[in-house]
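Heads up: the protein sequence lines correspond to chains E, Z and L, in order.
The opening position of the first sequence corresponds to residue 1 in this note's numbering, with each subsequent residue numbered one higher.
The opening position of the second sequence corresponds to residue 365 in this note's numbering, with each subsequent residue numbered one higher.
The opening position of the third sequence corresponds to residue 633 in this note's numbering, with each subsequent residue numbered one higher.
Hints are supplied without guarantee of correctness; some may be wrong.
[Claimed, not checked] Straight-line Cα separation of at most 27 Å, DSSO-like style, residue types lysine-lysine; simulated pairs:
hint, chain 1, residue 1, chain 2, residue 2
1, L, K836, L, K635
2, L, K635, Z, K391
3, Z, K463, L, K836
None of these hints come from the bench; they were simulated from the model.
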Amino acid sequence: MARIVLDGVAHSYAGKGKAKADDYALRRLDHVWEDGGAYALLGPSGCGKTTLLNVISGLITPSEGRVLFDERDVTRLATEQRNIAQVFQFPVIYDTMTVRQNLGFPLVNRGLPADRIAARVGEVAEMLDLSDALDRRARNLSADAKQKISLGRGLVRDDVAAILFDEPLTVIDPHVKWQLRRKLKEIHERFHRTLVYVTHDQNEALTFADKVVVMLDGQVLQVGTPEELFETPSHTFVGYFIGSPGLNLIDCTLDGGDAVFRGGRIALDDDRLARVRGRNVALKLGIRPRYVEVLDRAGAETLPAQINDVEDLGTHRLVDLALGDGGPVIRAMVAEDAALPADAAFLRFPPERTRLFADDVLVA
Amino acid sequence: MKAVRPSGLALTCYLILLMLPLYWLIKMSLQSNEDILGTFSLLPVNPSFDNYITIFTDSSWYLGYVNSLTYVLMNVTIVLLVALPAAYAFSRYRFIGDKHMFFWLLSNRMAPPAVFLLPFFELYHAVGLFDTHIAVALAHCLFNVPLAVWILEGFMSSVPREVDEMAYIDGYSFPRFFVTVFLPLVRNGVGVTAFFCFMYSWIELLMARTLTLTDAKPISVTMTRTISAAGLDWGLLAAAGTLTLIPGALVIWFVRNYIAKGFALGRV
Amino acid sequence: MNKVQNNRAWFLILPVFVLVAFSAIIPLMAVVNYSVQDSFGGGVWIFVGTEWFESVLADERLHDALGRQLLFSGLVLAIQIPLGVMIALTLPTRGWLVPLCLIVLALPLLVPFNVVGTIWQLFARVDIGLLGHTLADLGIEFNYTDDPLHAWITVVLMDVWHWTPLVVLLCYSGLRAIPPAFYQAARIDGASRYATFRYIELPKLRGVLTIAVLLRFMDSFMIFTEPFVVTGGGPGNATNFLSIVLTNWAIERRDLGPAAAFSIIYFLIVLLICWMFYTAITRIGQADKR
């Protein structure tokens with residue numbers, strides 16, 4: 001187990017020195033993965049999360065910066081010298097071996113005594129509910145069992161610094177996905193290994209991780225707990241990407257102390273006003289659909305809106321509205337039993353829930 | 365950057381050994397018979413293109429190449445035309461006798477050509493095709509068609525059925541779907557199949573020799589002419605042999621990308 | 633893959649069926665016909681039943697040739713398959729060297745059979761051949777026309793030269809089809825080079841190796857032209873393989889009855905061995921599934 005430090009790491013596939021700013025698959029980044037933490041690397045395809053994972057595992061040597069495992073510089077060390085384990089997108093198992101042999105393989109290669117291997121394999125198999133399948137051929141098991149074997153090969157070694165997951169649930173049937181995810185959580189609580197989990201599925205990331213790292217275009221936008229990402233997204237992309245549906249975003253301009261947009265205006269507090277006043281920046285207001293209040297009559301701080309559509313999602317309803325007269329579209333999440341006006345509604349954005357972004361970056 | 369690895373060294377040695385006999389052939393083709401028999405040397409003594417000039421100025425020589433290429437190309441065309449629909453049927457449908465048909469086809473690949481020599485001779489005489497290009501092309505189908513169906517079936521099975529279904533939903537007719545949608549998806553397979561058919565048809569001699577006399581006589585048979593009263597003309601023989609390498613080399617050049625990607629041949 | 637039941641698929645098979653029927657069934661019927669009849673000339677044929685089969689099966693020359701043929705195919709497979717796999721493993725995986733290596737490798741494959749014979753004749757002769765001459769300089773009297781062992785070495789070497797590249801190409805593409813994640817996992821698990829080969833590469837090569845073994849067995853078992861050009865079956869009968877014996881009977885001596893019976897037996901032997909091999913391989917495959 002180890003604390004993993006990325007010190008000014010950047011990577012470009014173009015090769016050192018030749019890269020222009022746009023060529024970087026991974027822009028300069030400093031980050032610390034605390035020992036025993038469960039991290040998710042979240043972002044759309046091609047955002048650099050797999051590159052980052054490969055930098056940690058040693059499959060890629062970063063073109064700039066250093067990688068430290070507990071103060072030890074491992075930047076130039078090969079994968080096999082780093083004590084990491086990895087679970088890949090598609091299950092990697094050794095076809096001709098039984099489950100037992102598969103699980104024991106990393107230990108056999110490291111020359112451990114047979115009884116020690118047998119004990120470890122038994123322990124891990126039990127943990128992963130594979131005890132009954134130990135003597136079966138690994139190739140004939142289902143995809144989720146194969147992924148468990150891949151994970152097991154990481155768990156049998158007690159020297160691993162971190163276990164890395166590269167979208168491990170891609171080929172798993174939806175109804176077993178949550179079981180496997182819970183298993184992972186359980187394993188994390190029991191062994192306190194450092195886990196780094198790459199995914200583009202926010203549900204996986206938010207349920208699995210203590211800390212989520214959101215990436216876009218080779219850059220880390222925000223690192224935080226699921227709650228932080230939800231409540232105070234530091235970037236409009238994070239707001240939009242996390243949550244379903246994402247953050248409502250409204251383009252606006254300043255007029256005196258108000259943020260003005262098509263269909264209305266909202267007063268801003270002095271603190272935030274001071275931060276954006278006089279700066280030539282594009283401003284956006286953001287609010288989570290679940291915090292938008294839909295009222296049937298006008299009141300203080302309300303904005304008129306038209307209801308376009310109501311979608312019943314079982315536990316709550318999703319209301320699609322247009323601000324003012326054909327203004328920006330706002331989505332609101334209301335309780336199942338809440339009374340809704342027929343078509344003309346009034347919206348209230350609670351100031352404590354409303355976020356302001358300047359050039360897509362949160363104005364705190 | 366790196367020192368030469370032992371595996372790289374072994375590979376280089378193997379490739380050099382592989383090329384040595386070919387080098388020797390080419391070396392001899394550049395020499396006169398007297399020089400070949402007179403002195404032993406690693407490099408050609410008095411190199412000249414005389415042997416090649418002899419071949420290219422004598423129609424009975426160079427027509428051999430034309431004949432060989434003609435029936436080989438005919439064979440590849442025929443094989444692909446019949447094997448593509450058949451392989452599609454085997455990869456997509458179950459039908460009465462499908463397995464038996466497939467194994468019967470494959471069993472023809474296992475028939476020693478020597479077995480069929482005499483019957484072929486008589487059959488093609490009887491239907492008046494003896495000593496024509498098409499006769500050799502048809503005879504070579506015996507081993508090339510089963511192989512082609514086998515290879516193509518493997519490639520086609522790896523294309524998901526959904527592709528076909530989507531195309532039919534989009535209103536494609538079968539021929540149009542096959543040519544514009546399906547063929548591009550299995551083009552690696554077609555390339556590999558064409559390579560194999562060309563290879564086996566080009567190098568085969570026994571049937572080609574039996575089924576031809578003069579008009580369609582392949583180059584490899586023409587080569588045996590160099591055995592004259594005065595003994596072998598080694599130089600001329602080597603030159604003729606060297607020239608048989610060229611079509612093969614060209615084919616390899618054209619399929620070089622398929623070789624790396626598509627040779628896995630699907631499943632067994 | 634779930635296949636759809638559709639008997640109209642036969643229409644797609646029909647061209648193949650007609651073509652192969654023309655070039656296989658009709659000639660095969662002629663062979664069967666000959667094998668059970670005898671001719672006294674003048675188009676008079678009489679039915680002799682299994683007489684030819686019995687005489688052929690009892691024929692020493694056939695036994696000897698079959699023995700030689702099995703030895704040859706066995707030797708050739710034993711050399712070409714491991715050598716082919718090894719060479720495939722050493723081939724580069726990317727860069728400009730790849731097409732170069734593949735082209736050089738594939739060249740021998742496209743040399744016509746009798747030209748292969750010619751090449752090796754030229755190459756192995758003591759007076760003008762590089763191989764023969766070099767060996768002579770080393771003090772080895774290499775003479776494939778007189779010494780049966782030398783003739784065998786030449787013929788086997790020739791076949792190895794001609795066909796190992798096929799095994800290499802098949803294995804190479806088989807290796808390329810292995811996803812990189814498997815190699816990465818092996819590195820992470822600390823597997824040695826040998827373990828990576830044994831547990832990842834070899835199992836994934838099973839499919840292409842089956843094809844390679846089948847093709848190489850069939851073709852080596854039917855070999856005719858190469859030894860015919862180089863040794864003519866000699867010295868003595870040392871390299872007299874089945875096809876050479878057969879063509880000798882059928883074409884030169886016109887012993888149609890025995891030749892036809894011989895043909896059928898020959899064909900059946902190839903079928904039988906291929907079938908046994910195929911069944912053995914599928915058995916292993918099914919055992920794996922348990």
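Straight-line Cα separation of L/K635 and Z/K391 no greater than 27 Å?
-> With a Cα-Cα distance of about 56 Å, the restraint between L/K635 and Z/K391 is violated, given a limit of 27 Å.
Does the alpha-carbon distance linking Z/K463 and L/K836 stay inside the 27 Å limit?
-> With a Cα-Cα distance of about 26 Å, the restraint between Z/K463 and L/K836 holds, given a limit of 27 Å.
27 Å Cα cutoff - pair L/K836, L/K635 = The given pair, whose Cα atoms are some 25 Å apart, holds under the 27 Å limit.
The earlier numbered hint that this structure contradicts is number 2, and it is the only one.
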